[in-house]
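Undergrad: Those protein sequence lines, which keep their order, are chains A and B. Under numbering that gives the first Met the number 0, the first sequence has 228 at position 229, and the numbering climbs by one with no breaks. Under numbering that gives the first Met the number 0, the second sequence has 3 at position 4, and the numbering climbs by one with no breaks.
Don't read these hints as lab results, they were simulated from the structure. Cβ coordinates follow ideal geometry from the N, Cα and C atoms, glycine included. Be careful, since some hints might not be right.
[To be verified] Some chain A residues near chain B, calculated using beta-carbon distances under 7 Å:
1. Pro74
2. Leu82
3. Gln89
There are 2 protein chains.
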Amino acid sequence: MVSSEARKEPAAIVPDTVVMKFGGTSVASPDDLKRAARRIVAARERGQSVVAVLSARGKTTDELVAMAYEISDAPVARELDMLLSTGERQSCALCAMAIADMGYEAISLTGSQAGIVTDSSHTKARILDVQADRIRAALSSGQIVLVAGFQGVSTDSNDVTTLGRGGSDTTAVALAAALGAGVCEIYTDVAGVFTADPRIVPDARKLELLSFEEMLEMSASGAGVLQLRSVEYGRNHDVRIHCRSSFDDAPGTLVLPESETLERPFVTAVTHSENEARVTLAGIADEPGVAGRIFTALADANVDVDMIIQNEPVSTDHGADLSFTIERGDLAAATSALERTDLATPILTDDRIGKVSVIGAGMRSHPGVARDVFNALGELGINIQMISTSPIKISCVIAVDRVADAVRGLHDAFGLDRDEVLAEDPHGSAHHPRVRA
Amino acid sequence: MVSSEARKEPAAIVPDTVVMKFGGTSVASPDDLKRAARRIVAARERGQSVVAVLSARGKTTDELVAMAYEISDAPVARELDMLLSTGERQSCALCAMAIADMGYEAISLTGSQAGIVTDSSHTKARILDVQADRIRAALSSGQIVLVAGFQGVSTDSNDVTTLGRGGSDTTAVALAAALGAGVCEIYTDVAGVFTADPRIVPDARKLELLSFEEMLEMSASGAGVLQLRSVEYGRNHDVRIHCRSSFDDAPGTLVLPESETLERPFVTAVTHSENEARVTLAGIADEPGVAGRIFTALADANVDVDMIIQNEPVSTDHGADLSFTIERGDLAAATSALERTDLATPILTDDRIGKVSVIGAGMRSHPGVARDVFNALGELGINIQMISTSPIKISCVIAVDRVADAVRGLHDAFGLDRDEVLAEDPHGSAHHPRVRA
Numbered sequence: 000m001v002s003s004e005a006r007k008e009p010a011a012i013v014p015d016t017v018v019m020k021f022g023g024t025s026v027a028s029p030d031d032l033k034r035a036a037r038r039i040v041a042a043r044e045r046g047q048s049v050v051a052v053l054s055a056r057g058k059t060t061d062e063l064v065a066m067a068y069e070i071s072d073a074p075v076a077r078e079l080d081m082l083l084s085t086g087e088r089q090s091c092a093l094c095a096m097a098i099a100d101m102g103y104e105a106i107s108l109t110g111s112q113a114g115i116v117t118d119s120s121h122t123k124a125r126i127l128d129v130q131a132d133r134i135r136a137a138l139s140s141g142q143i144v145l146v147a148g149f150q151g152v153s154t155d156s157n158d159v160t161t162l163g164r165g166g167s168d169t170t171a172v173a174l175a176a177a178l179g180a181g182v183c184e185i186y187t188d189v190a191g192v193f194t195a196d197p198r199i200v201p202d203a204r205k206l207e208l209l210s211f212e213e214m215l216e217m218s219a220s221g222a223g224v225l226q227l228r229s230v231e232y233g234r235n236h237d238v239r240i241h242c243r244s245s246f247d248d249a250p251g252t253l254v255l256p257e258s259e260t261l262e263r264p265f266v267t268a269v270t271h272s273e274n275e276a277r278v279t280l281a282g283i284a285d286e287p288g289v290a291g292r293i294f295t296a297l298a299d300a301n302v303d304v305d306m307i308i309q310n311e312p313v314s315t316d317h318g319a320d321l322s323f324t325i326e327r328g329d330l331a332a333a334t335s336a337l338e339r340t341d342l343a344t345p346i347l348t349d350d351r352i353g354k355v356s357v358i359g360a361g362m363r364s365h366p367g368v369a370r371d372v373f374n375a376l377g378e379l380g381i382n383i384q385m386i387s388t389s390p391i392k393i394s395c396v397i398a399v400d401r402v403a404d405a406v407r408g409l410h411d412a413f414g415l416d417r418d419e420v421l422a423e424d425p426h427g428s429a430h431h432p433r434v435r436a
Numbered sequence: 000m001v002s003s004e005a006r007k008e009p010a011a012i013v014p015d016t017v018v019m020k021f022g023g024t025s026v027a028s029p030d031d032l033k034r035a036a037r038r039i040v041a042a043r044e045r046g047q048s049v050v051a052v053l054s055a056r057g058k059t060t061d062e063l064v065a066m067a068y069e070i071s072d073a074p075v076a077r078e079l080d081m082l083l084s085t086g087e088r089q090s091c092a093l094c095a096m097a098i099a100d101m102g103y104e105a106i107s108l109t110g111s112q113a114g115i116v117t118d119s120s121h122t123k124a125r126i127l128d129v130q131a132d133r134i135r136a137a138l139s140s141g142q143i144v145l146v147a148g149f150q151g152v153s154t155d156s157n158d159v160t161t162l163g164r165g166g167s168d169t170t171a172v173a174l175a176a177a178l179g180a181g182v183c184e185i186y187t188d189v190a191g192v193f194t195a196d197p198r199i200v201p202d203a204r205k206l207e208l209l210s211f212e213e214m215l216e217m218s219a220s221g222a223g224v225l226q227l228r229s230v231e232y233g234r235n236h237d238v239r240i241h242c243r244s245s246f247d248d249a250p251g252t253l254v255l256p257e258s259e260t261l262e263r264p265f266v267t268a269v270t271h272s273e274n275e276a277r278v279t280l281a282g283i284a285d286e287p288g289v290a291g292r293i294f295t296a297l298a299d300a301n302v303d304v305d306m307i308i309q310n311e312p313v314s315t316d317h318g319a320d321l322s323f324t325i326e327r328g329d330l331a332a333a334t335s336a337l338e339r340t341d342l343a344t345p346i347l348t349d350d351r352i353g354k355v356s357v358i359g360a361g362m363r364s365h366p367g368v369a370r371d372v373f374n375a376l377g378e379l380g381i382n383i384q385m386i387s388t389s390p391i392k393i394s395c396v397i398a399v400d401r402v403a404d405a406v407r408g409l410h411d412a413f414g415l416d417r418d419e420v421l422a423e424d425p426h427g428s429a430h431h432p433r434v435r436a
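Turn these sequences into a full structure, and let the hints steer you where they fit.
TA: Here's what the structure looks like:
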């Protein structure tokens, strides 16, 4: 039950309200949907008020996108949103039917009905407000509420908007914040967040907890478990996120404010991406405004830039070399955007690169980590092409065909297969630290 | 352009506004969708303000229904509506993309966004109001408006509702009425309304015009071209309906008020249904209230009853025999509903029956038509099991395996392969009376 205090002060934690989010693989088949429904009902039977956010089933969104491109080479963004928003609605309606068969009353809501108010940036809208009155009323009357993820309604024109790929995570975290839910549970087909990708490192361990900052760095550097924006939203609104498997009951990985993560190891995890490309502009004029023109052109073409390196010109007549990395899928858009500028410099590209990153809040107090990373890669004979660091992350761009070796080597070098040092077990006595995906 | 007068008095005819409705086969493939888009754009290029109502593509609705029954044997009606409403939204979004590629601005609207306000009878909602302000504003700004058919939003709870199978026809006619459109064009995969089903009667003719009353009788007795409720809505709101093919430009069949149909032949068309079943309750008590209990039980089980015959009891101890016909698919529901009553009479059923109907506004002044129908069937050796008449219709229940013979015999007996007698050609000189589907 949502108390009347929660209604007045939505940010106050209401521990008996839980927001559960189920990803596409967790609702793909009728059996999957019924499994999700049972989990929702189980929480309800424990006395919790349950809001569940559902993604589109299986490959539905991909199929809808393909449908759009069968019709048009450049689908209108507003209409793409109208089209893509239907997948999550179907999941929610079907799940409500399954829950009704289990003897509980459930109501499915569109993003608009759930009060997810966004700006008008179709296909990548940002949540401006969550007006959860209808959800609160439904919870108060004992209903289970199912909300179509990934979508909202625009303030100005009352149009359907979508939040971009993975946006259902953000829907769930935003609802948890608005409802003052004790936790936002993100159910996927993996058991939690691992010290590395278990497909590459067989003895990777599931992490019991992570700070928001670590999770942000991991999401930004290749870990696909949580959408970056949902982690930002969780950090900004103080919503703890529990990433766990929809296929078993073992606890997953809890993402918490850093103040609650206590003592942490130097390095928490190794992440990687094999989906990168590098662009180098050789000998650009070393004068103010050039870089601005380049990255404006890229932003206008919707290309997200990851690492940027500019070295000093060796002589004034050579100019500077500027390199940056982007997603490989954006390479064509990036080069054509750059060709339309008046830079008149050669554009060199490399689409055979990848990235490995070492992440850990403990790095802040242990400056030797960078040295250890470079040494480990050096011992494997892996050439580092670019480096980017933050206080809790070191990323290296390397040849794509050495990425798996690098991940295994770094995982080994930092002893990540061994148990973490933890001052407190956040899951209590029922915790099984070695359950895998 | 919609004039400001039209805005104040929506019922006034605004001849340059047209509502076009495209059925599922007319938007099934990408090519079909683009063909519909071209037709919409062509009307816009002729200077018309265009509102297009789209059905779900091809078999989409059937697939969604199947999905629901994979999850639940008895899907919750509210959630079924949420699920089924997505198909039409997809069609509209995709068509808007196609129109944008043709250089025109189009906007897709859900039933709710289009202002289709209904009652709360999920899966069979009735339209209570059409609040077309958003459509008028979009038309005024030069946009083409695409409306998801078959759906609306309920007044009391702001939920998605659907209007029942074929409901997109009603959406289109209701919008035409609200906007004061000159005509509502219903595009399907057939060329119009025929004197009989051309698959059974090869020389069936396309009818140029029909009165609302005739079309109502035809829709009610097996002609699948237009949903019954859309014809009722058209008659009640004086919206002329043009049934035509989405695959060519030939005019189809215009459905008009009877005052505009002028002189009509005795018989306009022969319709049939092979989808019937008969239930007979033998020897029920001949006392007040019995029939009421029977048909209340059937209505509660959502069984639509067509013909009803009750004969007088031959003696007071035998009781009366009551027979009625229903759709064959409802037979199991009907018998189980009747078994739950306390009638304690034998329930006899026959699922091998069909129905042929002869329809024509001219019958009113030509009482010999019934005799001619019975004679024609008698000459074919076809036994008539039940008869039902209206001022402009004669229906006979016969064995299902004689239905095709009966349709051909009646079509021939009334000379329907010959040109109609018409005082005026409503389509002008461009009319091609013999174009077929």
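Undergrad: Which earlier hints turn out false for this structure, listed by number in ascending order?
TA: As far as the earlier hints go, not one is violated by this structure.
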